[in-house]
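*Asks:* Next come the chains, spelled out residue by residue.
Number of protein chains: 2
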Amino acid sequence: MIKAEQMSLNTATVKEQCNLRQAIDLCARYGIGGIAPWRENLKECGLDEANRMIQDQGLRVSGLCRGGMFTLENQLSQNILDNNKKAVDEAVAIHAECLVMVVGGLKPNSKDLIGSRKQMEEGLFKTLEYARTVKMPIAIEPLHPMYAADRACVNTLKYALDICDGMGAGIGIAVDVYHTWWDPELKSQIKRAGKERLLAFHLSDWLMETKHFLLDRGMMGDGVIDISRIRKWMESESFEMLNEVEIFSAENWWKRDPDEVIRICIERLAVC
Amino acid sequence: MIKAEQMSLNTATVKEQCNLRQAIDLCARYGIGGIAPWRENLKECGLDEANRMIQDQGLRVSGLCRGGMFTLENQLSQNILDNNKKAVDEAVAIHAECLVMVVGGLKPNSKDLIGSRKQMEEGLFKTLEYARTVKMPIAIEPLHPMYAADRACVNTLKYALDICDGMGAGIGIAVDVYHTWWDPELKSQIKRAGKERLLAFHLSDWLMETKHFLLDRGMMGDGVIDISRIRKWMESESFEMLNEVEIFSAENWWKRDPDEVIRICIERLAVC
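Top to bottom, those sequences are chains A and B. So that you can map any letter, position 6 of the first sequence is 902 in this note's numbering, and since no number is skipped, the others follow by simple counting. So that you can map any letter, position 138 of the second sequence is 1034 in this note's numbering, and since no number is skipped, the others follow by simple counting.
It should be emphasised that the hints constitute simulated quantities derived from the structure, not laboratory data. Check before you lean on any hint, since a few could be wrong.
Each pair may be met inside one copy or between any two copies, as identical chains are not told apart.
[Claimed, not checked] Below, simulated EDC-like cross-link-like pairs (lysine to aspartate or glutamate); rule was C-alpha separation at most 16 Å, straight line:
#, residue 1, residue 2
1, 1083, 1008
2, 1054, 1081
3, 1087, 1133
4, 1083, 1131
5, 1128, 1008
6, 1091, 1131
7, 1003, 1105
8, 1107, 1046
9, 1014, 1081
10, 1003, 1122
11, 1151, 1061
Same shape as in the complex, but just chain A (with noise of 0.2 Å):
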């Protein structure tokens, strides 16, 4: 049984009702354990002011969203770079325990799913060396194939995996049950990643009927993933993360008294 204190909120979740500061107060609210804000929450408030909030409600940041987005540009172009060095920078700021990377679909106008991931292959590579220089964690988060042109053209854990062992150390692995519960190498994988690579833990659910490719995902429980059987396969490895819920719901969750959604997580959470 999961409690809230085990539990870290993705402020995606209430991305529609809450800014930094609001999601910051609902976790204090009700005991969560962790936060991971995005980019452009701590755009909000400035840096300093973020971290002073959420180190004050004593929060982890399970990982800041995100870095990433290698294939912006037909090159890997200095301003690429520079965006990804500034995300390590503010995952150092605010304490996070890992930089998540969402690495970018298909170069632009680009049909070169293989010269795509070289250049994402090199940027995350050069991205890792500053970031092991203020040990911050990369976390690359291996997307569901089917933002795969658009997104992320890691789409499976194995293929993640086969990057980190290329890079060595400092690097690792964001296992969303989301983008990754349909992997018939899914529990392999993991025991593969073992406790090193494995750095976060997302949460939310597949609707059977699902109706938009980005914008609705289910709240646990009310899809068909066996979240409770993948998380012991993280426990197998001596996992210890928060359990991260990210929950992208336009017409849904995003609709409602995000008191409510915090509510309903929690009672989830604790029966999967």
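Starting from the known structure of chain A, arrange chain B on it as the hints suggest.
*Replies:* Chain B alone, transformed into the frame defined by chain A:
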């Protein structure tokens, strides 16, 4: 350069415009080499008449769509098995080169992906045992992971080929670029499959801004899939099957004059 005679028309591509007779007439008019009917098409005019029309035009049948759906009930019922046996018989009757299997997703009201896969594999094996007696090749079609819950719990070529290797002769795979283009193991798994297990090659395209989970496939060349690269991988294994065009497109191609659709298919095949 692919010519019309190397194309097969999956009747789903003109589903809203043509019945089987009209689809066959289209193929004749444009010198298309093959057709891939759905079982519904065979019901329109009866199996014998369907076969006669197809053979009269000298069309190859690149596959019959489809058997499978082994998880529609919580047990592998006689009903499911009989229906698959019937699909095998129909494939034989129309001289199909394979029976395409869309294996089914999760069992009803279940989150048990592992158990669903087990039931699916059992059904597949029992159907294969029968299909061997009548020499009908069984083609597992791995579907995109976004269909894992509701249509097919085989979502990678690797898993499909693991199943094939476990079962032996008489079974292989249908490689559909729409379902598999994102897979970092696509090339290596095509190589692993080899000529013996490569039974069909299905074409459409992944649109960058896909609007519907099922009915928004693109015409070859309108999306992001590097089809010619994937075909080269197939050809490296001496794949000599037809290029089966299968485009589900409720808002675009299904609304067009079918002659226009076919002319554009042929134009695009010539360059991709």
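*Asks:* Which hint numbers doesn't this structure obey?
*Replies:* Going through the list in order, the structure violates hint 11 alone and respects the others.
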